[in-house]
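Q: Here is how the chains run, residue by residue.
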Amino acid sequence: MFSINFVILIPFIVAALVPFLYRRYKRIHVGWFVLFVPITLFVILARLIPSVASGKTYVHTYEWIPTLDFNFTTYLDGLSMIFALLITGVGSLVILYSIFYLSAKESLQHFYCYLLLFMGAMLGVVFSDNLMVLYVFWELTSVSSFLLIAFWNHRKASRLGAQKAMLITVSGGIAMLVGFIMLHTMTGSFSIREIITTISEFTDHDLFIPAMILVLLGAFTKSAQFPFHIWLPDAMEAPTPVSAYLHSATMVKAGIYLVARFTPVFGTDELWFWVVSIVGMITLFWGSFNAVRQTDLKALLAFSTISQLGLIMSLLGLGSIALQFGYSSDSILYTQATFAALFHLINHSTFKGALFMVVGILDHELGTRDIRRLGGLMTLMPFTFTVALIGSLSMAGLPPFNGFLSKEMFFAATVHIMELDIFSLPSFGMIFPVVAWVASVFTFVYCMIIIFKAFLGKAQPEKLDKPIHEAPIGMLLAPMILAALVVGIFFFPNLLGQYILQPAMSSIYPTFGDTADLTPNISAWHGINPELLMTIGVILVGALLFKFLKLWKPIYGLFSSRYTFNALYNYVLASSVSGSNVVTNRYMNGLLRHYLMYIFLFFIVAVGGYLAYSGAFSFDMSTNAPFNVYEVCLVAIMAVAALSMLFAKSRITATLLNGVLGYSIAIFFVIFRAPDLALTQLVVESVTTALFLLAFSHLPEWKKENLPKQTKVINGIISIAVGLVVVLVGLSVMDYNQFDTISSYFENAYELAGGANIVNAILGDFRGFDTMLEVVVLFIAGLGVYSMIKLRAKKEDENIEDQ
Amino acid sequence: MKTLKINDVILRTISRIVVFIILTFGVYLFLSGHNTPGGGFIGGLVLASAIVLLYLSTDIETVKKSLPMDFKYVAALGVLLATFTGFGSILFGVPFMSQTFAYFELPIFGETELTTVTIFEAGVALAVVGVVVTIILSISEDGG
Amino acid sequence: METLIIMLIGILVAVATYLILSRNIIRIILGTAVFSHAVHLLILTMGGLKNGSVPLLKEAEAPYTDALPQALILTAIVISFAVTAFILVLAYRTYQDVGSDDLDVLRGTKDE
Numbered sequence: 001m002f003s004i005n006f007v008i009l010i011p012f013i014v015a016a017l018v019p020f021l022y023r024r025y026k027r028i029h030v031g032w033f034v035l036f037v038p039i040t041l042f043v044i045l046a047r048l049i050p051s052v053a054s055g056k057t058y059v060h061t062y063e064w065i066p067t068l069d070f071n072f073t074t075y076l077d078g079l080s081m082i083f084a085l086l087i088t089g090v091g092s093l094v095i096l097y098s099i100f101y102l103s104a105k106e107s108l109q110h111f112y113c114y115l116l117l118f119m120g121a122m123l124g125v126v127f128s129d130n131l132m133v134l135y136v137f138w139e140l141t142s143v144s145s146f147l148l149i150a151f152w153n154h155r156k157a158s159r160l161g162a163q164k165a166m167l168i169t170v171s172g173g174i175a176m177l178v179g180f181i182m183l184h185t186m187t188g189s190f191s192i193r194e195i196i197t198t199i200s201e202f203t204d205h206d207l208f209i210p211a212m213i214l215v216l217l218g219a220f221t222k223s224a225q226f227p228f229h230i231w232l233p234d235a236m237e238a239p240t241p242v243s244a245y246l247h248s249a250t251m252v253k254a255g256i257y258l259v260a261r262f263t264p265v266f267g268t269d270e271l272w273f274w275v276v277s278i279v280g281m282i283t284l285f286w287g288s289f290n291a292v293r294q295t296d297l298k299a300l301l302a303f304s305t306i307s308q309l310g311l312i313m314s315l316l317g318l319g320s321i322a323l324q325f326g327y328s329s330d331s332i333l334y335t336q337a338t339f340a341a342l343f344h345l346i347n348h349s350t351f352k353g354a355l356f357m358v359v360g361i362l363d364h365e366l367g368t369r370d371i372r373r374l375g376g377l378m379t380l381m382p383f384t385f386t387v388a389l390i391g392s393l394s395m396a397g398l399p400p401f402n403g404f405l406s407k408e409m410f411f412a413a414t415v416h417i418m419e420l421d422i423f424s425l426p427s428f429g430m431i432f433p434v435v436a437w438v439a440s441v442f443t444f445v446y447c448m449i450i451i452f453k454a455f456l457g458k459a460q461p462e463k464l465d466k467p468i469h470e471a472p473i474g475m476l477l478a479p480m481i482l483a484a485l486v487v488g489i490f491f492f493p494n495l496l497g498q499y500i501l502q503p504a505m506s507s508i509y510p511t512f513g514d515t516a517d518l519t520p521n522i523s524a525w526h527g528i529n530p531e532l533l534m535t536i537g538v539i540l541v542g543a544l545l546f547k548f549l550k551l552w553k554p555i556y557g558l559f560s561s562r563y564t565f566n567a568l569y570n571y572v573l574a575s576s577v578s579g580s581n582v583v584t585n586r587y588m589n590g591l592l593r594h595y596l597m598y599i600f601l602f603f604i605v606a607v608g609g610y611l612a613y614s615g616a617f618s619f620d621m622s623t624n625a626p627f628n629v630y631e632v633c634l635v636a637i638m639a640v641a642a643l644s645m646l647f648a649k650s651r652i653t654a655t656l657l658n659g660v661l662g663y664s665i666a667i668f669f670v671i672f673r674a675p676d677l678a679l680t681q682l683v684v685e686s687v688t689t690a691l692f693l694l695a696f697s698h699l700p701e702w703k704k705e706n707l708p709k710q711t712k713v714i715n716g717i718i719s720i721a722v723g724l725v726v727v728l729v730g731l732s733v734m735d736y737n738q739f740d741t742i743s744s745y746f747e748n749a750y751e752l753a754g755g756a757n758i759v760n761a762i763l764g765d766f767r768g769f770d771t772m773l774e775v776v777v778l779f780i781a782g783l784g785v786y787s788m789i790k791l792r793a794k795k796e797d798e799n800i801e802d803q
Numbered sequence: 001m002k003t004l005k006i007n008d009v010i011l012r013t014i015s016r017i018v019v020f021i022i023l024t025f026g027v028y029l030f031l032s033g034h035n036t037p038g039g040g041f042i043g044g045l046v047l048a049s050a051i052v053l054l055y056l057s058t059d060i061e062t063v064k065k066s067l068p069m070d071f072k073y074v075a076a077l078g079v080l081l082a083t084f085t086g087f088g089s090i091l092f093g094v095p096f097m098s099q100t101f102a103y104f105e106l107p108i109f110g111e112t113e114l115t116t117v118t119i120f121e122a123g124v125a126l127a128v129v130g131v132v133v134t135i136i137l138s139i140s141e142d143g144g
Numbered sequence: 001m002e003t004l005i006i007m008l009i010g011i012l013v014a015v016a017t018y019l020i021l022s023r024n025i026i027r028i029i030l031g032t033a034v035f036s037h038a039v040h041l042l043i044l045t046m047g048g049l050k051n052g053s054v055p056l057l058k059e060a061e062a063p064y065t066d067a068l069p070q071a072l073i074l075t076a077i078v079i080s081f082a083v084t085a086f087i088l089v090l091a092y093r094t095y096q097d098v099g100s101d102d103l104d105v106l107r108g109t110k111d112e
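Protein chains in written order, with the numbering used here: chain A, 1 to 803; chain B, 1 to 144; chain C, 1 to 112.
Pulled out of the complex, with its shape left as it was, chain A reads as follows:
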């Protein structure tokens, strides 16, 4: 019974338990309980590393909606293993960090609940083999990210940042859904593995390119690629553990996962290569260029994350070119780009996570993240400084850190791509190494900014709220582990390469056979080659640019803030709100009667009009049942009771007339062979009348309706018209004989359901789902009544949203 599906479900189950644990054990920080979850999952997954490395994959399916082909299928292979290890590993470190970062004054039960929700949803994204289930988990990550960004929801900036992130990522998600449906239309399957094997027949289909573009839209919005990157800096309103986890190590990598997973599907097309690589390159440059001008350390790291994600994305694009050649000793060279992408993915999570945690430590201990107020912290915060140094130098691509290794591979890939002769690369191929080099220079500059401006230089204690002191060991533990990984991966990269990266390569290149050839031997020294020269160039030029930063900083002033993408986003949002206000105010004038008249008039025109137009009215009395005198009397009683309700002078009379109607209907139910209904109607009618009378004790007696005569006439005409349409439609339907009734199926209730009462069998067994939902509706109505009565705002409480 144990399967990967359970691994996904465990965080959800624990998330439901967190509020109870929080209330029960008030002394212990809830984070300690939550910490067990990712650690356990990490251990479970790590035990599977050897078998996955040898090529085994794990598939398990739970049928969900078999007729629609939605199945909860999980597929553990090399690619999903990388991401799952990241999610659970970095997750445990982040939770450990958050235990010391978030004090007990925060609403911790909400925080950990959302965090576990996210963890489960993200695991669902990377393990899911069925496209629809992947979409469900994808949107769940957007929702939990929204909840986490707006965690301090009393702050307006948090709310706006969460809204922006949600709008952008969910729009991308919907585009991705349409792309998935197109894939299903083409190949007839929702399973990714099946699509990979059959897609080669459909590359000329009309829907192939649109599906590719839409899926890429989903990936680009989630991974903050240009021009959708604007949500990531605003998402920094979230608490630092959230930024370190979601917005640097896991959620933003979901788009990268999607691109990697779909490379065998779409990668053979030229458009894929250009779009992914170019967008990645632009993002790489734009992110690093903008990171240099930031004064808030967290915003700097946000733009740096955008830039690094662009790097990984462009590497995946470059690597897809290998699919053009099939498997040969030449093409292996080009698959190294993908290998570099996966390697950098892991490295980025380590050093970026460490850096985010360091910034969080600064924020927590000193009260600020502004580099204009920081400086000189090296001597008083040595451990923090060491971790920051390791992280920044690795990000800049210097030895002896893992960033150096992956940056070298990145440069190598961009240089090699120039040598190819297809896709008009001879003319345009030069841009890749050039852009990569320029962006790396800026990366070097902002890494120096982090080290020098925050830690070296002169201390400015007068600008700080709190005295400079080292962070407690609890907060330092997680970043130090990450920094140790940064150094460790530099010295033992091939452990990572062989066990974790190698099986992933076969997921991306399924037709390339033995992956042992695809995995290079990573080493720090490959001899003097273009990559090394590029790195040395980056260091020299970067150091120069950093030294003379003040001289060329004014170049940023050229970009007026009126023409940014943020301005476009705000404009679109504001104008759609005001535009819809103008349109809606035309017809929504606040008067309920007018709204009801719109509904009834539409009903009369649409239904009655169609009935007249199509001539579907038919009147056939031959199949009618016979009736007796007392039934006619009952009908007459009901008609009179209804009509008198219009003229009732007191509300109690009207209520009693309604009761007469209800009890007469109960008698009709008995006559028409429906005993269950009669019983229920009797009780419900009694309780309803009692309810009416109870409510009347709170309301004044009603007055005579003094509507102007014209309104009364119009109301009368509408009412008679509605009644007439219903009668005509009813009479026509009685004669309808196009389809056989399905009720004969239910008459086998005794064999199928073991019950002799067919109505009860329908409610409890055949249509049990509807009954369950009805019970939920009942419950909601009951809760609604309770909360309306018990929860009243006092007169002094102003509206919370106006704060």
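Since the hints were derived computationally from the structure, they do not count as laboratory data. Everything hinted at is true.
Distance condition first, Cα-Cα at most 25 angstroms in a straight line; then the derived SDA-like pairs of lysine to any residue: (1) K649(A) x S100(C); (2) K649(A) x D104(C); (3) K72(B) x A76(C); (4) K703(A) x D97(C); (5) K790(A) x L106(C); (6) K553(A) x D370(A); (7) K72(B) x V27(B); (8) K790(A) x S140(B); (9) K466(A) x D370(A); (10) K50(C) x D620(A); (11) K704(A) x L103(C); (12) K712(A) x L643(A); (13) K712(A) x F647(A); (14) K50(C) x Q738(A); (15) K58(C) x E105(B); (16) K709(A) x N24(C); (17) K453(A) x I539(A); (18) K65(B) x M788(A); (19) K58(C) x N35(B); (20) K704(A) x H594(A); (21) K50(C) x I671(A).
Listed next, with one range per pair, are the computed distances between beta-carbon atoms: (22) S650(A) x R107(C): 24 to 32 angstroms; (23) I671(A) x V19(B): 29 to 37 angstroms; (24) V19(B) x L773(A): 27 to 35 angstroms; (25) K649(A) x L77(B): 44 to 52 angstroms; (26) I599(A) x L90(C): 14 to 22 angstroms; (27) I780(A) x V19(B): 25 to 33 angstroms; (28) I780(A) x L4(C): 33 to 41 angstroms; (29) R107(C) x V178(A): 37 to 45 angstroms; (30) L90(C) x I60(B): 19 to 27 angstroms; (31) L77(B) x T198(A): 43 to 51 angstroms.
Backbone N, C-alpha and C define an ideal beta-carbon position, used for all residues, glycine too.
Starting from the known structure of chain A, arrange chains B and C on it as the hints suggest.
A: Relative to the frame of chain A, chains B and C by itself:
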């Protein structure tokens, strides 16, 4: 709600007996729903009306003391019960909310048919009782 | 019989519509209650009246009257009861907070 002074005694005396009759009838309706008219809805409604009768003949404090449960939890329990019978069928590998039945030999009753629909209907009945009593009690507690 | 009931349903619907279009909140709620009665009758009539015997397999014999509309109406009765209770409470709470039960006075909030 003002207590009626005149018919108080008659109402109280009769309701003392009638409430039990109604409760028994409600349980009978619930259990017999499978083969004769009845079921979860009508069983729950009749049980709820017994409690409403109790409230009409005495006042709200007495009802709350004699039935010290929070009826919202009763309703929530009913909803959970109804939903989890659906999940129970997933554990056995069949689609969501498949009911099953079997015949057992019980000591006193002889051969009876036991079915999972009864658990589902129990959830429905509890939910109906909880909701109706919550509504009635909330409105009456609100005072005038 | 069906034709007679359908005429009755027409009268009920007309009365209900007139009540819903009125100015007093209690009349509107009574209108919805009458409307639900009409709809329950309509669903039952659609299945054919008195077409067979009671749909209980052990108590009566084939042919049975249509059991599916009965199940639908059962659900509808219970839900309309819950909704009626909800809007009744909504009505009197509105009266307590705003001070009037006249719809011409209850014309939207300051945000509209």
